[in-house]
Amino acid sequence: MDSYIPHLFDFLRRLSANNNREWFAAHKDEFDRLRALWLDDLQHLVDCMGEWEPRLKGRTAKECAYRIYRDTRFSLDKTPYKVYFSASMSPYGKNAHRPGYYLQMDIRPGETGLYGGIWQPEAAVLKKLRNAIVDNIEEWEEITDTKAINRYFPGWISSETLKTAPKGWAKDHPQIELLRLKDYGKFCSLDEKFFYDPLWYKKAADRFSLLKPFIDFLNYSIDEEN
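The C-terminal position of the sequence shown is numbered 247 in the numbering used here, with every residue numbered one higher than the one before it.
No lab work stands behind these hints, which were simulated from the structure alone. As the structure is a prediction and not an experimental result, all values here were calculated from the model. Be aware that a few hints might be false.
[Said to hold, decoys possible] List of simulated lysine-lysine pairs, BS3-like, C-alpha gap at most 30 Å:
#, residue 1, residue 2
1, 78, 223
2, 115, 192
3, 49, 115
4, 103, 78
5, 149, 192
6, 224, 214
7, 103, 223
8, 168, 233
9, 214, 115
10, 188, 78
11, 99, 148
12, 149, 103
13, 168, 224
14, 49, 233
15, 188, 99
16, 184, 148
17, 149, 203
18, 223, 184
19, 188, 168
20, 115, 103
21, 83, 184
22, 233, 83
23, 223, 233
24, 83, 223
25, 224, 83
26, 233, 78
27, 148, 192
28, 168, 223
29, 148, 224
30, 149, 99
31, 188, 203
32, 115, 148
33, 78, 224
34, 148, 233
35, 49, 83
36, 224, 115
37, 203, 233
38, 168, 99
39, 99, 83
40, 103, 203
Model the full structure from these sequences, guided by the hints.
In structure tokens, the structure reads:
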């Protein structure tokens, strides 16, 4: 059976070229069909992840998937629709601002892939994570600097990096490059052809599993009492 994935990306490209409510309404049936197929695969992904992340067991694809409708209230870009399908598989729920796993299938170069970590945490949480990393640097490096992670999730991805040391830290601190990050995430960049495989969700779950010790470290560091 032919994969629906090429049609999904083709739909997103056409949506990008016609990002308005009239075009979307005229192609709503096509969107609904593609999204239903994608949700089926997303459910398989969540179920596969539940085999090694017990807190994802019983979670549904609809609970993890994000809507395609953009929130334009505070954006200069008023186009109404996203040009990607995305989902968050977090042990704490999709809308919890906690470390977890994120999938994005996007037509924009470099935006498709698998992400694990915490994005733009509150100042108090970021401070707590910085302290946890420094206080447990050997554990941190053992968790994050593995051959498999370096292969699939190289480097760090951060929304913003400080130009200098954060307040209270020396500019020449041994972990200054980590301390300057404002969030902690790993990203596995993927080509859309990765998803042409009917069992792409199994491969994605396997790659996400590499990040479980990292995600666990972030979560128990946040929950740890001062």
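Status of each hint after checking the structure:
no. : hint         : in the structure
1   : 78 with 223  : 16 Å, holds
2   : 115 with 192 : 36 Å, violated
3   : 49 with 115  : 25 Å, holds
4   : 103 with 78  : 28 Å, holds
5   : 149 with 192 : 19 Å, holds
6   : 224 with 214 : 13 Å, holds
7   : 103 with 223 : 25 Å, holds
8   : 168 with 233 : 15 Å, holds
9   : 214 with 115 : 26 Å, holds
10  : 188 with 78  : 40 Å, violated
11  : 99 with 148  : 34 Å, violated
12  : 149 with 103 : 33 Å, violated
13  : 168 with 224 : 17 Å, holds
14  : 49 with 233  : 37 Å, violated
15  : 188 with 99  : 37 Å, violated
16  : 184 with 148 : 17 Å, holds
17  : 149 with 203 : 12 Å, holds
18  : 223 with 184 : 39 Å, violated
19  : 188 with 168 : 33 Å, violated
20  : 115 with 103 : 18 Å, holds
21  : 83 with 184  : 40 Å, violated
22  : 233 with 83  : 22 Å, holds
23  : 223 with 233 : 16 Å, holds
24  : 83 with 223  : 19 Å, holds
25  : 224 with 83  : 21 Å, holds
26  : 233 with 78  : 15 Å, holds
27  : 148 with 192 : 16 Å, holds
28  : 168 with 223 : 20 Å, holds
29  : 148 with 224 : 34 Å, violated
30  : 149 with 99  : 36 Å, violated
31  : 188 with 203 : 13 Å, holds
32  : 115 with 148 : 23 Å, holds
33  : 78 with 224  : 18 Å, holds
34  : 148 with 233 : 22 Å, holds
35  : 49 with 83   : 18 Å, holds
36  : 224 with 115 : 22 Å, holds
37  : 203 with 233 : 21 Å, holds
38  : 168 with 99  : 42 Å, violated
39  : 99 with 83   : 26 Å, holds
40  : 103 with 203 : 25 Å, holds
In terms of the numbered hints stated before, the structure departs from hints 2, 10, 11, 12, 14, 15, 18, 19, 21, 29, 30 and 38, listed from lowest to highest.
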